[in-house]
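Peer 1: These protein sequences, in sequence, are chains A and B.
Per full-length UniProt numbering, residue 1 is the first one in the first sequence, and the count goes up by one each step.
Per full-length UniProt numbering, residue 1 is the first one in the second sequence, and the count goes up by one each step.
The set of hints was computed from the structure by calculation and includes no laboratory data.
Any given hint could be a false lead.
Facing chain A, according to a computed beta carbon distance under 7 Å, are these residues of chain B, among others [unchecked claim]: (1) G207; (2) L210; (3) N213; (4) E223; (5) G240; (6) S257; (7) G353.
Cross-link-like lysine to aspartate or glutamate pairs, in silico, EDC-like; alpha carbons within 20 Å at most [as the list claims (entries may be wrong)]: (8) K23(A) / E223(B); (9) K258(A) / D389(B); (10) K13(B) / E131(B); (11) K258(A) / E351(B); (12) K258(A) / E250(B).
Idealized CB from N, CA, C, for every residue including glycine.
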Amino acid sequence: MYTIVERQDLLPRVHLLKIQAPKVAAAAAAGQFVILRIDAEGERFPLTIADWDAQAGTVTVIYMEIGASTRKLAKLGEGDAILDFAGPLGKPTEIENFGTVVCVSGGFAMATIAPIARAMKEAGNRVISVVGARSKDLFFWHDRLTKYSDEMIVCTDDGSAGIKGVVTEPLRDLLASSTKVDRVIVIGPSVMMKFCSKTTQPFGVKTIVSLNPIMIDGTGMCGCCRVSLDGQTRFACVDGPEFDGHKVDWDGLLVRQKSYVAEEAVAAERCRCKEEGCGNHG
Amino acid sequence: MAKAGLNRMDMPKQAVSDRIQNFSEVATGYTPADAHTEAARCLQCKKRYCVEGCPVNIDIPEFILALRDGNMPEAARVLKKTNSLPGVCGRVCPQETQCEQACILNKKEAPIAIGRLERFVADWERGHSAEVNLPKSLKPKSGKKAAVVGAGPAGLTAAAELARLGHDVTLFESLHTAGGVLMYGIPEFRLPKDIVQGEIEYVKSLGVTLELNSVAGRLFSLEDLFKQGFQAVFLATGAGLPLFLNVQGENLSGVYSANEFLTRVNLMKAHNFPSSDTPVKKGRKVAVIGGGNVAMDAARCALRLGAEEVSIVYRRSELELPARKEEVDNAREEGIKFHFLTSPVRFLANEQGQVRAMECQKMALGEPDASGRRRPIPVGGSEFEMDIDLAVIALGTRPNPLVMQSAPDLQVNSNGTVLADINGQTSHRAVWAGGDIVTGSDTVISAMGAAKRSAVVIDEYLRSL
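So here's chain B without its partners, still in its complex pose (with noise of 0.2 Å):
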């Protein structure tokens, strides 16, 4: 476990009593003293474990030694160069599960703020591209056209690695702004939406084309891709499809998933309403179900747009919330109240068909269950009832089916990820896959990571034809 807080510099944020009233951004970033003063500390090992714990293996000591001397144009290439969006990574990477758990001074000290360095130097970069001056392409173009579907983490990385690899690319979207899970998921609060859309103004300026409000497996198949010219095919379509506790009550109005909730606030600007046309309902006693970082959004979010009292209502104990820990402490600083061991049963109406209650029965843990993680058992005659009125489940998604209804020779395994090996191939010689379309629900920068393999085989199958 990193040792929080020694000698790191601390990440500035806004106070607690502000915060809960804006879905501005909590972290406000590093000064460019606090960067120069926490890159110093690093000891730029010639053995880069760090580079080793990051999915994307950016230049970790790289990067920062050029932010410590001072030229911040070379550490934005140097980030660039591995990972077309650094700004979303620099701040919902769980970096203390890989590049800082890997940092060698976790040994005995505090590990190099490696994320936040990251986020800084991408901030800094926003203002300063034509200081930057990227190259635009690794290779010559090679006249050959790949589709990315899904414009998501995964979606977005494997366009911008494939153009710059030479290949002409068309990137589609469902929805009618590109970024995904970055957009409609992951709060303002988390990650600013013009810093996603900056992202994205430069993967398109690599030369993809985004096609937007464009439905795969409804607007095209898979094998309509192939008839209008595309040569290969990378699916990314992520895990939307949000999963329920399949108890009673739970369509009654008033109960949300979390992608909805989330949805409604973060992609359609509901806590704008009425100026933006999409409303949200803002509950006065908010039960959050579920313990992983999209429950910890879904929480803050109902805080901030108003709520008396939020609950996180979670099946296991504290020790296996699955949420980072930053996140489980924003949340418990901003007043978020934790139930641990307790489990909704079924959830109960007033006259209109509102959700007015949630009734739950508490959990004790038994032996260990597949994931590892000790199983909660029912404890019998501990019922009690919860006063709700709104409900967020928030317990994880599973993949969207709809291209997979479209392409019947796509394999895909019983929980519905498509069948793909470690670089993304699935049983499609021309298809290739990564995300959470593949690992069912995972982190941004896995979905990244596994874009890069797949590129680097697609760029390799491309030039073969």
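This is chain A alone, in the form it adopts within the complex (with noise of 0.2 Å):
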């Protein structure tokens, strides 16, 4: 068992969790993941390693309530215990002093991008920060991300700070100025990785994106987080989860990430009536 030792809430549906894992605290990279089963009925889900603590042994997880698992998550709170919790998976995050690199970030993965800030800003890197969100209020790490940035720039889809727009408009005019960019990082939903990803391309920036594609082993031994890479099959936990921007099949990820939608759509139903007691399900 692996028990909460912290639980932040961080927006509506985003929280924070630090978890007592010493063995993976101490191997833990930046870039990497961990692989969770809550309880004996849960499935096995990936969350990125937000921060980690080897001195307290602790691990550090931010994630937003979107399935039936990610809501069975949020129920439990400091003290509570998390039934299985494996890790660090997945290749850390390829780090040295590139020169300039931007890391690009949307939605709750500006926590997951904080680490690698950080790992590239001691590396020697100067470092770039676009961070986007639907508002101003779901913004959160702020002060993290700009302690570990050179530069923050920030855009919400709703102009309620910094620019109005999505992240690939700052970071086309990045990559347009005057300034050299050596190294793009993005992290974020896969259609924004896509997009960022298109928009680097013309300028032959090496564009680096961490993918979440179902997963269930972690280990390469399911073959389920397959992706496409200029058309050879790479496994995105033991290959990945960070690739190429410009050679992954966006499209084709996109389908097999909606692979369970009706399933999915179900275990919501039945999470749903669990906690309003439908009186139809145990």
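Join the two chains into one complex using the hints; note that each chain is given alone, in its own frame.
Peer 2: Rendered as structure tokens:
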């Protein structure tokens, strides 16, 4: 069992959990993820490692309530335990002194990009962060990202903070400006990563994306998380999760991510019934 | 070939109409009277060909004699002396090509049903462990520490053997439960999971420490294990990387690897969705590509999930089918269709990106290839479309590369398997390996046999330190 030692509700439906997992904390690196199973009936699902503390033996994850499992996770608080917690999984982010690195994040991925920005900064890079959200209420860990960044560019869909618009616009402006960008890292919803990759491609700047396909074991065994890269099949769990965004078959990935939409609706309905007590479900 | 049925006791089975609607075990096991009658057929040969035919050299005539004489505790002790997982082996070993093939009776009538008797004894033992009273250890404590990586058939066997030999053993498993392919791969209707867990509990009772959720190569490297004080390592991480056809459309939604499909159902209990949180696609028309036991397992799972039509699509002919005859017969009885000399060319999608059809071509058999089987050759102009809404690719696996990535000095063969000698010794003096990580893709029992051989030399090594 893996005990939750801290819970913070960062936004409506976005939560931070600090979990006691000393071995994982000792081995973790930027860009890696864990696979959780909440209870004996639970599914295995991946979450990116947002932070870790080897001394305290804790691993921090930030997640959004989307499906049945994340809603189940949201019911747990400090002192509660998670049945299974395996990691660190995936290859760590390639960190070296590239020069100028642009870290683009959207939605609650602004948390998961933070350790990468930190590691890039520590490696001597000039770090420019581009962060997008629907509105200014949906920002968190802004201070942290600011600390690791030489420059912060904020955009919101509704213009309530920073630039009004989506992250691809400031990203394109940066690439077109006199700033020489050596590497772009994008973490966020697949559609956002797809369009950021399309934005950087004409500029020929290497763009790393962190993919989040459906996974089960996370060790290469099941092949569920396979993605096509320039026509070659790769497994996100062992070959990734980070890949060259210019090579990813985005449309294929997006379709595979929607494989269980119907089943997710069934699970969500069951979850809702349990919460509200429809009386028909155990 | 065994002359099935000829004067040997038949295995009682669930009726076909019932079993295709449930995941309970198909073969329900001998009654005590069945077992006694079958045991009485054993000639108790002086020259024990059957024992030589067994990869773990179970004292077969002895356990059958004890069973015949009604001394069940002794029968169980004889089995457990050489095999920590008899309930598993009695169910999934290919006895027809091992002990039973070597049985002297095979020359004129049906061989003794050794596997069924093994299963009978193992199942009896589950409720009677106090009476059996197995010795926990063969040798005094050595004070030496061994790490076993991977808790599948090879790892469980090595851990049990090393613990019985007096060593302090930690068994690392990447998943949330031990058992490896016995848990995620082989379906409940062939190998009930409580049987597997019962045998794992026995291994733990020998003093083995089980560390779950421990992904070797990520959580720790081989070098880390030595730093932690382990003096010898046995690697048994299996062949956990599925092979695909490398054809167009293979990554469409609705195309599974057999590992994924079976893991969802067996390990994650997706057939109970939404009571279990993991879903699985319940296809209407399902194609399973491949002809091994795993293909049969996947096809029969798909049927039990409610598919209307399940087809096995195999590129060679029936003669070359690698699956056990018993499993092919079971599959056929249950209504699985077989398309021989057929190979997929590509998968076609509907507007939502879900697989809707598979384009196939017919094959003809040419000259024998490296495997000794006749090579399938495409027949020009024979393409046809098969309507499907689910495909399962069961073409086998490659070794999982995670551990090797973390141990660059470990020598690996070109096919990704670990280079090891007959006793499992790798290029590293304190590292042994066994099971599918060495052989590529083999049976549960051959993995267990390899683990036993390694345990003997690991014991010698540890005692020499």
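Peer 1: Hint by hint, note whether the structure agrees.
Peer 2: Tested hints:
| no. | hint | result |
| --- | --- | --- |
| 1 | G207 | violated (22 Å) |
| 2 | L210 | violated (13 Å) |
| 3 | N213 | holds (4 Å) |
| 4 | E223 | violated (13 Å) |
| 5 | G240 | holds (4 Å) |
| 6 | S257 | holds (4 Å) |
| 7 | G353 | holds (3 Å) |
| 8 | K23(A) / E223(B) | holds (15 Å) |
| 9 | K258(A) / D389(B) | holds (15 Å) |
| 10 | K13(B) / E131(B) | violated (29 Å) |
| 11 | K258(A) / E351(B) | holds (13 Å) |
| 12 | K258(A) / E250(B) | holds (16 Å) |
Hints 1, 2, 4 and 10, counting from the list given before, are not met by this structure.
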